[in-house]
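With chain A fixed as given, assemble chain B onto it according to the hints.
So the sequences go chain by chain: A and B. Residues in the first sequence are numbered consecutively from 1, following my numbering. Residues in the second sequence are numbered consecutively from 1, following my numbering.
I should point out that these hints are in silico values taken from the structure, not numbers from a laboratory. Possibly wrong hints are sitting among the right ones.
Quick list of in silico lysine-lysine cross-link-like pairs, DSSO-like style, CA-CA up to 30 Å [unchecked claim]:
#1 A:K76 x B:K416
#2 A:K133 x B:K416
#3 B:K10 x A:K91
#4 A:K76 x B:K460
#5 B:K464 x A:K76
#6 A:K127 x B:K416
#7 B:K416 x A:K153
#8 B:K356 x A:K91
Just a sample of chain B residues kept apart from chain A, beta carbon distances all over 12 Å, derived [unchecked claim]:
#9 L120
#10 G211
#11 F217
#12 A232
#13 G257
#14 N409
#15 V410
#16 L437
#17 K460
Cβ-Cβ distance ranges computed for the label pairs, FRET-style [unchecked claim]:
#18 A:D186 x B:L259: 38 to 46 Å
#19 B:W13 x A:H212: 31 to 39 Å
#20 B:S7 x A:I233: 33 to 41 Å
#21 A:D78 x B:A423: 29 to 37 Å
#22 A:T34 x B:M134: 42 to 50 Å
For each residue, glycine too, the CB sits at the ideal point set by N, CA and C.
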Amino acid sequence: MSILILSALLGWDTSFSPLFFFYYPNHVKGLTKTYGNLRALDSVDLTVREGELFGLLGPNGAGKTTMIRVMTGQVKPDGGGVSVLGIDALKQPVHVREMTGIVPEQETPPSFLSADEYLHFVCRIRKLNSIEKRCDHWFRYLDFEDQRDVLCKDLSRGTRQKLMVSQAFLHEPRLAFIDEPLINLDPIIQQKIKEYFTKFVKHGGTIFLSTHVLEIVEKICTSIGIIDKGRIIHAGPMSALRKKKRHLGDFFLSLVKD
Amino acid sequence: MFEILKSMVKEEWRLHSSIFGSVMFGLFPVLIAAFTFGFSVFIPLFEAVISLRDMYMLLHYCSLLVGVSIGAFAMFGREVMNRRFGQASMVAYSSRTLPVSERMIMLNVVANDIIFYFLLYIIPFFVGFSGAAMVTSAVPAFSLLLLATITMSFLIGMSVVFFMSTIYVHSGRFFVSLMVVGGAAMVLGGNLMFGLDLLHALPSLEFFYSGSLDSLFHSLLLIIAPSVLSLAFLRIEAPQRARHVQNSLDGLSRKLGRLFDDPHLVSKDFLDLQRSEGGIGKIFFSFIFPLILIWAMLFILSGLFYVSQAVIFLAFSVLVGALSSSIYNWLTEFDVFSSYAFLPVRVSDVIRGKLKGYLILDCGSIAIIAAAAGLTGQICYLPLGLFTFAIISAYSVSVTVYLAGLSPNVLIYSAKTFLGYSAAIVPCLVLAIITSLINPVLLLIAMPPFLPLSFLLMRKSYPKWDSRDQPFF
Chain A
1 MSILILSALL GWDTSFSPLF FFYYPNHVKG LTKTYGNLRA LDSVDLTVRE GELFGLLGPN
61 GAGKTTMIRV MTGQVKPDGG GVSVLGIDAL KQPVHVREMT GIVPEQETPP SFLSADEYLH
121 FVCRIRKLNS IEKRCDHWFR YLDFEDQRDV LCKDLSRGTR QKLMVSQAFL HEPRLAFIDE
181 PLINLDPIIQ QKIKEYFTKF VKHGGTIFLS THVLEIVEKI CTSIGIIDKG RIIHAGPMSA
241 LRKKKRHLGD FFLSLVKD
Chain B
1 MFEILKSMVK EEWRLHSSIF GSVMFGLFPV LIAAFTFGFS VFIPLFEAVI SLRDMYMLLH
61 YCSLLVGVSI GAFAMFGREV MNRRFGQASM VAYSSRTLPV SERMIMLNVV ANDIIFYFLL
121 YIIPFFVGFS GAAMVTSAVP AFSLLLLATI TMSFLIGMSV VFFMSTIYVH SGRFFVSLMV
181 VGGAAMVLGG NLMFGLDLLH ALPSLEFFYS GSLDSLFHSL LLIIAPSVLS LAFLRIEAPQ
241 RARHVQNSLD GLSRKLGRLF DDPHLVSKDF LDLQRSEGGI GKIFFSFIFP LILIWAMLFI
301 LSGLFYVSQA VIFLAFSVLV GALSSSIYNW LTEFDVFSSY AFLPVRVSDV IRGKLKGYLI
361 LDCGSIAIIA AAAGLTGQIC YLPLGLFTFA IISAYSVSVT VYLAGLSPNV LIYSAKTFLG
421 YSAAIVPCLV LAIITSLINP VLLLIAMPPF LPLSFLLMRK SYPKWDSRDQ PFF
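Only chain A is shown next, with the shape it has when bound in the complex:
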């Protein structure tokens, strides 16, 4: 703690330093966002610790996607604060996106680049080296090498989703925000991705997963948050539920129905 106070006093940017790696939780405080009359986020407070596989659950339109967009600086909130890996996402949104990987809700790679060109494009934006090696790894890992020279607009939705997952992990981020990760994917790839997420977290990474598929959360997440009508109505470790032998589906429905 004293190190943190000292670094704050000296104005050090500690977000890159492995020394401070575990000190920074990702948290939002009093986060509010409205779209017209719709209050998408309503004074949300939430903390996700490093090394967690956090699952954000909620019905359609609950505010899950807005939460990720605000946390990654894609959208500005009307009120509140966001800190991601110790970086103020409102002041340094590009820095947050530099340090994290994001799989957006809709798979939107540029239409007229091929899958291969797109991954190269992302590598160049992220100023990465060994571009070919990184891309080859993901084409092989998610089994879509035969599609690498196909224009993105002609790829199937599932393949586009593989591409979006690949681009999020190309730079081996410390934290990944993932919005509906398994959508349109076949069961074999779904399994592979779930295994990858688990391994990623075991190796010190953090995942912030937004989904309404309860089964994924129940299987792989270490902690959960439930959001409804823009408010966090529950946050805590999965182990607490498991201890009580409560089924996540029933627990979720009991909270959301209320």
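Showing chain B alone in chain A's frame:
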């Protein structure tokens, strides 16, 4: 058929009004009418130098030009809609989910564009012009015939460019050959028929003057025949056909890397432009083709006002500068910021990338201006023409970026943006043209102040667009 059309018209309205509000969108045609009115009330002043007959001719050619420009965008705009809004959400893509043929959908797309732009441009033109006519009593009052004939001119422009784009999509080479042969025939034919009043031979204009059934028939033929042929030869791409391409991004980025520090963004834009429907030819239809028409109109004006070839050349350079910003518009059409939003880039980085692409593509304008200097025998004015063009091009694109950021083709239909754009651009163009009329050398004094203004606008644009949430479609 009618249900699809009705849905498309509704969709078009909601699309625009949802972006910048019904009022701002609804005010757009009001502004067009007001501008036309404002210009037309001065007709009595112009009458000393330009006859009413020629004024009508210009009005018809303006409508033709609007038809051509809009036709070019509409015909190639399908992929734009696809990129921006996703295939499932647009009625234009119903043929993939409902039992409706692509041809029927295309017929509706054309009909929708006609209705939409008729309400947006033609009716306001007519209202403004007729209103001024009634106020000044200097021109014949409200005439339904005028409305009918300017509409026909607009439809001829749309239909012809639709036909040409269909040929181009089928075979770029055949299209280029046709343009070369057609151009040569026009030059030869023009020389042979020198002295004939070819400009008044536009059938819709002739019908306005004479009311002859022949000219009505020719007008309708020019509207219907190219559209029917275009629909008959419409290329329907099987959606399941996957296009394979070699990785060109790396090679292009390496080449552009010698010029820019973010070559990948520029390369991506070039690949988008090249690989999307119509390829690089889109620029021909929306930029070069209208320029050819403007060139022709300037020659009409030179005959009417007895101005020198030097002035015509300089006025052309001014207009090339203003129109060249349409190249930037095309570069913004194939992606939305949501494709970049999850990457470590700002809106201003993407805008900068597109401006660099614009800078390269706009070099083509230099060749056009040089060709115009050669054709008019004004090579000695070429440096001045290029100087004026460069400043106006920089100014108009910086105004576009400041007012509309990455969405110029959408935001221009907001009355507020359109008013701002007109207020910024029109005085600059008027100043340039009047200066070249008084003494072309004065352009060296009149134009440079727009350069720092352009830089200032650019500097203000980047934080402006970075601080705003971009739409997620």
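Honestly, which of those hints from before does the structure not fit? Violated hints: 2, 3, 6, 7 and 13; rest satisfied.
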